[in-house]
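Asks: Sequence:
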Amino acid sequence: MATATENQTAPASKYDDYDFPTTAPEAKAGHPGHTTPEQDAKVEQLRSELEQEGYTQRLDTLTLLRFLRARKFDVAASKAMFVASEKWRKEFGTDDLARDFEYPEKTQMFKFYPQYYHRTDKDGRPVYIEKYGRIDLNAMSKITSDDRMLKNLVTEYEKLADPRLPACSRKSGKLLETCCSIMDLKGVGITSVPSVYNYLSRASGISQNYYPERLGKLYLINAPWGFSTVFSVVKSFLDPVTVEKIHVLGSGYQTELLKQVPAENLPKEFGGTCQCEGGCEYSDMGPWQEAEWAKPPKWSTPKQDKDVTQNVDTDLEKKSEAQEAPQPTA
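First residue of the sequence shown: 1, per full-length UniProt numbering; consecutive thereafter.
Think of the hints as simulated: they come from the structure by calculation, not from any bench.
As the structure is a prediction and not an experimental result, all values here were calculated from the model.
The C-beta atom is built at its ideal place from N, Cα and C for all residues, glycine as well.
Any given hint might turn out to be false.
What the hints assert, rightly or not - Straight-line alpha carbon distances no greater than 25 Å define the calculated DMTMM-like cross-link-like pairs of lysine to aspartate or glutamate that follow: (1) K72 - E86; (2) K171 - D19; (3) K174 - E44.
Said to hold, decoys possible - With beta-carbon atoms standing in for the labels, derived distance ranges: (4) S48 - E277: 46 to 56 Å; (5) S232 - A27: 25 to 35 Å; (6) P37 - T273: 43 to 53 Å.
Turn these sequences into a full structure, and let the hints guide you.
Replies: Put into structure tokens, the structure is as follows:
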């Protein structure tokens with residue numbers, strides 16, 4: 001088997017419409033810019049099989065590589081994962097959420113369950129923060145529903161894919177496909193976990209099944225007594241690649257966390273120096289808000305405009321084909 005070569009690039013596809021760097025910063029086999037000929041062939045095989053079944057969206061090389069890496073480059077398993085994801089997207093209405101979903105109860109909800117993106121880590125990736133200690137499902141159920149909470153979560157995943165990661169890639173000058181997550185467990189006791197298990201398990205399932213290869217690093221901070229013991233059992237069931245990304249830290253987490261996130265980018269409550277006006281959890285600050293790096297996301301085009309554009313493109317293709325077709329002679 002050939003070895004991965006740094007900066008090696010798979011043949012471009014008509015689906016590869018990128019306006020940001022497409023080479024991964026680390027030369028890991030199977031990552032963009034570091035693929036083997038065999039891996040490139042599997043990308044083409046997966047794309048071809050999906051096209052034959054009528055799929056026309058999300059067939060770009062970066063997306064297919066993420067699904068292939070998630071299934072160890074087993075084409076059949078990757079295809080099954082992709083098909084299941086597309087089915088879920090259609091049923092959940094995912095394609096329109098980023099553009100259409102509104103979450104006016106956000107400020108009230110954040111009193112119980114803050115979850116937000118905020119600036120970047122030292123690798124240039126978006127930092128995602130969740131605070132579990134204040135979760136109160138009874139209080140939250142009076143404000144919103146599990147379904148709307150999940151829709152908000154999915155909306156943010158869609159915005160992570162575009163515009164957040166593309167903007168971070170442009171600013172850093174390298175492809176960034178993952179984020180750095182901080183899960184604050186302060187105030188969470190082992191006995192309180194079951195009360196939020198249903199929602200969190202659904203949220204975790206969405207992440208693993210439909211948004212593969214998006215986790216760069218995960219810091220579990222303020223881990224309660226006994227958590228490390230529980231996690232040591234849990235991680236035996238996890239993929240070693242995933243385990244390598246997870247760091248369980250107690251209350252003295254600041255030194256370790258600041259090795260990954262610059263102090264000026266980390267909210268003050270976590271040991272950093274950032275104090276966004278109005279609160280870091282509401283600012284959504286990052287390269288995706290900076291004019292030099294931000295670009296309108298592809299989903300921002302109104303659906304009716306997309307339909308018109310697609311119809312025009314189809315008409316032009318048909319017209320071109322008709323002009324190129326041999327004309328009958330008299």
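Asks: Would you mind marking each hint as holding or not holding in the structure?
Replies: Do the hints match the structure? See the list:
For the hint pairing K72 with E86, the CA-to-CA distance comes to about 20 Å; that is within 25 Å, so the pair holds. Taking the CA atoms of K171 and D19, the gap is about 12 Å. The hint holds against a cut of 25 Å. With a C-alpha separation of about 24 Å, the suggested pair K174 and E44 falls inside the 25 Å cut-off, and the hint holds. About 51 Å separates the C-beta atoms of S48 and E277, a value consistent with the hinted range of 46 to 56 Å.
The hinted window of 25 to 35 Å between S232 and A27 holds, with their beta carbons roughly 31 Å apart. A hinted range of 43 to 53 Å holds for the C-beta pair P37 and T273, which are about 48 Å apart.
No hint from the list above goes unmet by this structure.
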